[in-house]
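S.K.: In terms of my numbering, the sequence shown is residues 305 to 609.
Because the hints were derived from the structure by calculation, they are not lab data.
Predicted model only: the values in this text are computed from it and were never measured.
Worth double-checking, as some hints may not be accurate.
What the hints assert, rightly or not - Here are the computed distance ranges between Cβ atoms for each label pair: (1) Val496 / Ser589: 17 to 23 Å; (2) Arg527 / Gln418: 30 to 36 Å; (3) Ser521 / Tyr400: 36 to 42 Å; (4) Ala438 / Gly608: 18 to 24 Å; (5) Asp384 / Tyr500: 22 to 28 Å; (6) Leu542 / Ala438: 15 to 21 Å; (7) Gln495 / Arg527: 38 to 44 Å; (8) Arg423 / Asp466: 24 to 30 Å; (9) Asn357 / Ala482: 34 to 40 Å; (10) Cys472 / Asp384: 36 to 42 Å; (11) Lys562 / Gly608: 18 to 24 Å.
Quick reminder that beta carbons are idealized off the backbone N, C-alpha and C, glycines included.
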Amino acid sequence: MVQKPIKYNGVLILTDEPEDFRAEELEEDKEIEPFLPIESFTHSEKFLLQLINSQFTILHKSVSEGRLPGNLMPYDDSKDNRPFYLRESFPWTTNYATKRNYLRELLHICSQPQIMRWRKVKKVLNVSEAKKIAEGVYCEIFLAEYKMETVILKLIPIGDDDQPINGCYISSFRDGVAKLIVLKEIADLCQVKQGYSTEGFVQLKGAMVVKGLYPSSMIYAWREYKQNGKSDKLNPNLFPANQSFLLLFAENGGTSLKEYKIICSKNSEIYLLILLTVTMLQAYSIVYQLFMALAVAEFRLSFGH
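Can you build the whole structure from these sequences, using the hints too?
M.R.: Structural data, given as structure tokens:
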């Protein structure tokens, strides 16, 4: 067995394979490119390969020595058949279990007795200067102010089912419960439990369910985003006056990795070697932090993405 470099989805990795292994044996997987001789890689690529490979070696050794559990599935030995997020102060009955009210459960998780109107949340939510920064099929994402702090606001239109309203996609109350629970559990990974924790996921600051017309300031922010040619979504003013929304508030994680510039701006030859080393260390740090965050999430939550 020898280590050979391979490109997978554009990422260079080292892998142990027999001498006679050939990438053409995996023709059905077109993502894999043929092995390349180590001499064809630049010094920076070799450096990054060795760093990543050293961590995989440590991980493999830990697994071999039994220092990581073989069963990553969470286990609950209690006889309580209620969902774990409804075990405190929620009136669960046998009859309710056969016909659940997911809006009621969503409000319970948000600690709300009922859906609030937009005007009722102005004390904690300021969207007067909201700025749209991204979007998804079922959501709009803004920068806004929540409890005097700049946060990421994920706004999801929700309803009894997921049937589009006036051509606009919405999520069901049931999906809203699932989204919120996942975010809450992932945010809780920063707390040390079972010997593992990670700060690799953004923190959830809060959540609430509101009803009413889209705020005019957010319509304005949507139009600005649309004018820049970044949006394929319909104007949210198409939602009816009684439309419900799930608002999720997360900490501002800063510039996205897609837009973040790793390479330093200085280009003087005297700094070339130093800058190259720093750049590769940054790339390694990003990959390593990603692996570690996913490893903790997989261990504690059986998380997969």
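S.K.: Now tell me, hint by hint, if it's right for this structure.
M.R.: A quick look at each hint next to the structure:
At roughly 22 Å, the beta-carbon separation of Val496 and Ser589 lies within the given 17 to 23 Å, and the hint holds. The hinted range of 30 to 36 Å is satisfied by Arg527 and Gln418, whose Cβ atoms lie roughly 31 Å apart. Between Ser521 and Tyr400, the C-beta spacing of about 39 Å keeps the proposed range 36 to 42 Å intact. Ala438 and Gly608 have their C-beta atoms about 23 Å apart, which keeps the hinted 18 to 24 Å range intact.
Restraint check, Asp384 to Tyr500: a C-beta distance of roughly 25 Å satisfies the suggested window 22 to 28 Å. Checked against the given bound of 15 to 21 Å, the beta carbons of Leu542 and Ala438, roughly 20 Å apart, stay inside it. Against the hinted window of 38 to 44 Å, the Cβ-Cβ separation of Gln495 and Arg527 comes to about 41 Å, which satisfies the hint. Between Arg423 and Asp466, the C-beta spacing of about 27 Å keeps the proposed range 24 to 30 Å intact.
Distance hint for Asn357 and Ala482: a CB-CB separation of about 37 Å, consistent with the stated range 34 to 40 Å. A hinted range of 36 to 42 Å for the beta carbons of Cys472 and Asp384 is consistent with their spacing of about 39 Å. At roughly 22 Å, the beta-carbon separation of Lys562 and Gly608 lies within the given 18 to 24 Å, and the hint holds.
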